[in-house]
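Trainee: Here are the chains, one letter per residue:
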Amino acid sequence: LTTFCGIELAHPIINASGTFDAIAGRRVFGDALLARFPFAAFVSKTVTLAPRQGNPPPRLWEVPAGLINSIGLPNKGLDGYLAHDLPELAELPVPLIVNVMGFSRDEVAALVRAFGDRDEVAALELNVSCPNVETGLLIGADPGEVGQLLRAVRPLTGKPLIVKLTPNASDVPAVARAAEEAGASALSLINTIRGMALDPRTGGPWLGGVTGGVSGPAVRAIALAQVHAVCETVAIPVIAMGGVQSGRDALDLRRAGATLVAVGTESFRDPLAGARIAAELAALEPIAAIPVNR
Amino acid sequence: MACGYGACFGCVVATRDGYVRLCVDGPVLDAARLQTALTLGAGH
Numbered sequence: 221l222t223t224f225c226g227i228e229l230a231h232p233i234i235n236a237s238g239t240f241d242a243i244a245g246r247r248v249f250g251d252a253l254l255a256r257f258p259f260a261a262f263v264s265k266t267v268t269l270a271p272r273q274g275n276p277p278p279r280l281w282e283v284p285a286g287l288i289n290s291i292g293l294p295n296k297g298l299d300g301y302l303a304h305d306l307p308e309l310a311e312l313p314v315p316l317i318v319n320v321m322g323f324s325r326d327e328v329a330a331l332v333r334a335f336g337d338r339d340e341v342a343a344l345e346l347n348v349s350c351p352n353v354e355t356g357l358l359i360g361a362d363p364g365e366v367g368q369l370l371r372a373v374r375p376l377t378g379k380p381l382i383v384k385l386t387p388n389a390s391d392v393p394a395v396a397r398a399a400e401e402a403g404a405s406a407l408s409l410i411n412t413i414r415g416m417a418l419d420p421r422t423g424g425p426w427l428g429g430v431t432g433g434v435s436g437p438a439v440r441a442i443a444l445a446q447v448h449a450v451c452e453t454v455a456i457p458v459i460a461m462g463g464v465q466s467g468r469d470a471l472d473l474r475r476a477g478a479t480l481v482a483v484g485t486e487s488f489r490d491p492l493a494g495a496r497i498a499a500e501l502a503a504l505e506p507i508a509a510i511p512v513n514r
Numbered sequence: 010m011a012c013g014y015g016a017c018f019g020c021v022v023a024t025r026d027g028y029v030r031l032c033v034d035g036p037v038l039d040a041a042r043l044q045t046a047l048t049l050g051a052g053h
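If you read the sequences in order, they're chains Y and D. For the first sequence, our numbering assigns the number 221 to the initial residue and increments by one for each residue that follows. For the second sequence, our numbering assigns the number 10 to the initial residue and increments by one for each residue that follows.
A few of these clues could be false.
[Unchecked claim] Think about it this way: if two alpha-carbon atoms lie no more than 20 Å apart in a straight line, the pair counts; the simulated DMTMM-like pairs of lysine to aspartate or glutamate are: (1) Y:296 <-> Y:308; (2) Y:296 <-> D:34; (3) Y:296 <-> Y:340; (4) Y:296 <-> D:26; (5) Y:296 <-> Y:327.
[What the hints assert, rightly or not] To give a feel for the contact side, a few chain Y residues facing chain D, derived at Cβ under 10 Å: (6) 239; (7) 240; (8) 241; (9) 244; (10) 249; (11) 265; (12) 276; (13) 287; (14) 291; (15) 292; (16) 487; (17) 488; (18) 491.
Don't read these hints as lab results, they were simulated from the structure. Every residue, glycine too, gets a C-beta built ideally from N, C-alpha and C.
Kindly generate the complete structure, drawing on both the sequences and the hints.
Mentor: Shown next as structure tokens:
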């Protein structure tokens, strides 16, 4: 058993937000998905206040050892999520973590308030990889913005607040420290790294969203370095992710100080990757040296 | 395409009802739902 922010989990492997749709998965795989659910907690795809269509296709481009995505956070909006998604996600056999994103502090506050006392929700994850429309600053790249956001929303819920850090910041540990000082319960990292591909025929951008986020094994070493640096900086628990494909990859991130490890792109190849990685990690950890400072 | 089971939202096509995932809402769609030159009319 693993404890994370007071939540008991069967093992330390969860999914990265936006890389697994448990509702569509249940349509495809049936109740077998619930019987063999691959993650110890489920993190749902980012919810915004208003519905979003997402970016125009093409949305994906494969790179050596990874993937660039420009999906654009399609979702039904808060009201649609509460009416349609939350009841289905509440039936999952694991705790639910709801990922939310707002384009201003008021928007984030409205989302946190909406989920802040729902029994179906174990914790909230704040996606700060977006601009504050009032200041124009990328919230997650700026320690001051992150601190102000946390101070505004921390009093609105007693549930754990996880801040999902962006790697597209000049000083990620400084952002991590600002989040911790302003009351974040935990941190998760890394989000995708900004990348781009050109259409070989036209020479213009391939992705409908022009740029996208790189994920997969290509980013694993970057994730390890950032997780290591953040874990040296903060005392709150860390959810680590970035190109995890095996128990060994998960072990590396745990050795760097992470409490939980999330699987993202690897689930696209194998929906049960999370369960396989959890089993591999469980076999490795008893014989592995793990620093005691976690 | 990445996943094939509705997880990645990479395979969407535009329809009159918005983007739909071909892997879980297709792979065959009613042509009348698609935004093509034929359904949108001349000029497209």
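Trainee: Could you work out which of the previously given hints the structure breaks and list their numbers from low to high?
Mentor: Failing hints: none at all.
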